[in-house]
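Student: Here is how the chains run, residue by residue.
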Amino acid sequence: MSRETPITSAGSLSRPAWRGWSLFAILAGWLILFVVLPTLILLVYSFFRGGNGEVEPAFTFANYAKCFRAPYPAVFGWSLAYAALTTALCALIGYPVAFYIGRSSPARRNRLLMLIMIPFATSFLIRTYAWMTLLSHDGLVMYLLRVTHLIPLIFPENLQLLYTNGSVLIVLVYSYLPFMILPIYGSVEKLDESLIEAAADLGAGPFRAFTGVIFPLTLPGVAAGALMVFVPAVAMFAVTTLMSGGNIRLIGDEIEFQCLEGGNLPFGSALGMILLAMFVLSFFLFMRRGAGAKADMMR
Amino acid sequence: MKIFRPLILLILPALAILGCDRSKSTAAAKSRLQLFAFSSYIPQEAIDGFTRETGIPIDYEVYPTNEAMLQKLSANPDHYDVIQPSDYMVEHLVARHMLAPLDPHQLPHLENILGEFRGLPFDPGNQFSVPYMAGTVGIVVNSDKIKAPIRGYKDVFQEKYKGRIVVVDDPREMVTWALETAGIPINDVTPQTLARVKPTLVEWVKLKNIYNSDDPKPPLLSDDRDLGVIYCGDAAALWQENHKFKYVLPAEGAHRFIDNLCIPAGSKHKAEAMAFIDYILRPEVSKMISDKFPYTNPNGAARKLLSKDQLDNPASYPPGSAKLEIFRAIGKASVDLQDMMSEIRHAD
Chain A
702 MSRETPITSA GSLSRPAWRG WSLFAILAGW LILFVVLPTL ILLVYSFFRG
752 GNGEVEPAFT FANYAKCFRA PYPAVFGWSL AYAALTTALC ALIGYPVAFY
802 IGRSSPARRN RLLMLIMIPF ATSFLIRTYA WMTLLSHDGL VMYLLRVTHL
852 IPLIFPENLQ LLYTNGSVLI VLVYSYLPFM ILPIYGSVEK LDESLIEAAA
902 DLGAGPFRAF TGVIFPLTLP GVAAGALMVF VPAVAMFAVT TLMSGGNIRL
952 IGDEIEFQCL EGGNLPFGSA LGMILLAMFV LSFFLFMRRG AGAKADMMR
Chain B
1351 MKIFRPLILL ILPALAILGC DRSKSTAAAK SRLQLFAFSS YIPQEAIDGF
1401 TRETGIPIDY EVYPTNEAML QKLSANPDHY DVIQPSDYMV EHLVARHMLA
1451 PLDPHQLPHL ENILGEFRGL PFDPGNQFSV PYMAGTVGIV VNSDKIKAPI
1501 RGYKDVFQEK YKGRIVVVDD PREMVTWALE TAGIPINDVT PQTLARVKPT
1551 LVEWVKLKNI YNSDDPKPPL LSDDRDLGVI YCGDAAALWQ ENHKFKYVLP
1601 AEGAHRFIDN LCIPAGSKHK AEAMAFIDYI LRPEVSKMIS DKFPYTNPNG
1651 AARKLLSKDQ LDNPASYPPG SAKLEIFRAI GKASVDLQDM MSEIRHAD
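Order-wise, the sequence lines are chains A and B.
When you line the first sequence up against this note's numbering, it's residues 702 to 1000, in that order.
When you line the second sequence up against this note's numbering, it's residues 1351 to 1698, in that order.
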């Protein structure tokens, strides 16, 4: 498939060690400076005593103990639930879209992909505010519902779209949908046409060919998409408070509140460390299951 | 692509060297005033005006709450030159010896501050703080939608207004309203008083309120909400927009706040900081603040420059004599308070 790449890069790889290492050094330096070091600082802070805007150097497990007292376990639970629901909806909506794009002609495909990417040119927060104007009481959606008389007929007069759990979910799905579409598209595009033809030759109808051949082959794309949606969705903040009017506060919002407004950096750090531990754990579980599934398919 | 890689390798170290060089030279050459203040509270024109006049550039960094400010100031005690703490935070900072005493001789415009804003309990001698703006937290009512009389918190937090209320997103504020409702002094925050007001707060939180401190105006303007318990500056802006937004000081009593300008003890540019504070005290500069952020201006000379419409705004300058209370520092009790509010809000 990508037979061209090795040929063109072969010339520039005459001294691979030197170039490779220097590129790696930049990446490693970046990671150490902006990922590893800040995480270590958080780790240290999470053992300090804090609150009320003050930080006292100490060594206490009190912050971690507090993470396991009400309401925080429930907050973690709700964050996981919202992320799982977002992932499921993204997969449900994203799969047909990705499949359609992947099976279109190359020219059309690029145009459609552009459409998926264009929203990224605008800041994420601005897009969220755009949703707020759309869904507000005097916004476009409510206006259309009123002119079409759907509001007294089907929906109640006092219908509230913005500042509800639904509006939070809409924006979560909207924001993460491209991260589901792109990896699925990647695996749909790589589908081997001859396998589908073979399925048809062996008497499988379109449905059977999809469930038996196409879907299993695109599953790695779905898995990658799920990971790319679920992991950031768990730690999502700001959008949830904006869209729910502060009624839904997930773990990301709680960490932000404790670190900034609440003035309790040590407790916020402890919550962050637990979230990080959850990520690492779920990532490894995911990888192991992924590897298991691959081994199954080989067999 | 092939050209890019070596280029990047060349450029990155060059940038790093340039970066180091710049930070060194700016520190040595010109003193920049580090202003650390609440977000959307100081008009950019006022800041630019000071730089134009004195040649001193200002770095304006913002914070959302007093506690967030304290956290950063404690971590960098010698970085900031002018900060903007509220009343109770001034008291706390004075007790911790984190503020520099002000020199009245360098503040000739201090006399503009009205008597009622001087010598308040958080800084009795006005040794460390100069009032910037004051205000109250009160009730705003969309009188087109709400016909029933609204006099206090009890009238706002009713079952029939479920999903109609927007409130300031600050745990201590909501607890304060519950304390006022129960007739407890608002600075009497102990585990016992918190336990007493908890059932009230549980009921209030069930009403699907919107919580927003940064900008509670949009849901009221778009009719998504009809009632609010918000800062008077936002209520005044709503009134300017449409006189249907009435401001009511709660009958049970209201929280009054006074935000101040102070100089941290570790500031390296105290003379410049003093010049900035005096500049803000000038009537025409202070008027500029009132034009943009219609809180209660403590500057008597500036009030004389305000229009009749501005002075008639009931949210900025409420008529009558309501019961007003100022926050005092409550120390570790604030952690209990926050924990209780987190628990109540997540339980819903």
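In case anyone wonders, no lab produced these hints; they're calculated from the structure.
Note that the Cβ used here is the ideal one computed from N, Cα and C, for glycine as well.
Do not take every clue at face value.
Stated by the list, open to error - Away from chain A, derived, C-beta distances all over 12 Å, residues of chain B:
(1) ARG1514
(2) PRO1569
(3) SER1572
Stated by the list, open to error - Computed Cβ-Cβ distance ranges for the label pairs, DEER-style:
(4) HIS1455/B / ALA831/A: 52 to 60 Å
(5) PHE762/A / LYS1495/B: 49 to 57 Å
(6) LEU732/A / GLN1394/B: 35 to 43 Å
Student: None of the hints should be skipped; say for each whether it holds.
Tutor: These are the hints, each one checked on the structure:
Its beta-carbon lying about 10 Å from the closest one in chain A, ARG1514/B breaks the requirement of being farther than 12 Å from that chain. Its closest Cβ contact with chain A, about 7 Å, brings PRO1569/B to no more than 12 Å, contrary to its assignment away from the interface. Listed as outside the interface, SER1572/B is inconsistent with that label: its C-beta sits roughly 4 Å from the nearest C-beta of chain A, within the 12 Å cut-off. At roughly 53 Å, the beta carbons of HIS1455/B and ALA831/A sit within the given window of 52 to 60 Å.
Range check, PHE762/A to LYS1495/B: about 51 Å between beta-carbon atoms, so the 49 to 57 Å window is met. Evaluation of the 35 to 43 Å hint for LEU732/A and GLN1394/B yields a pass: the beta carbon distance comes to about 37 Å.
Comparing the model with each earlier hint shows violations of hints 1, 2, 3; every other hint is respected.
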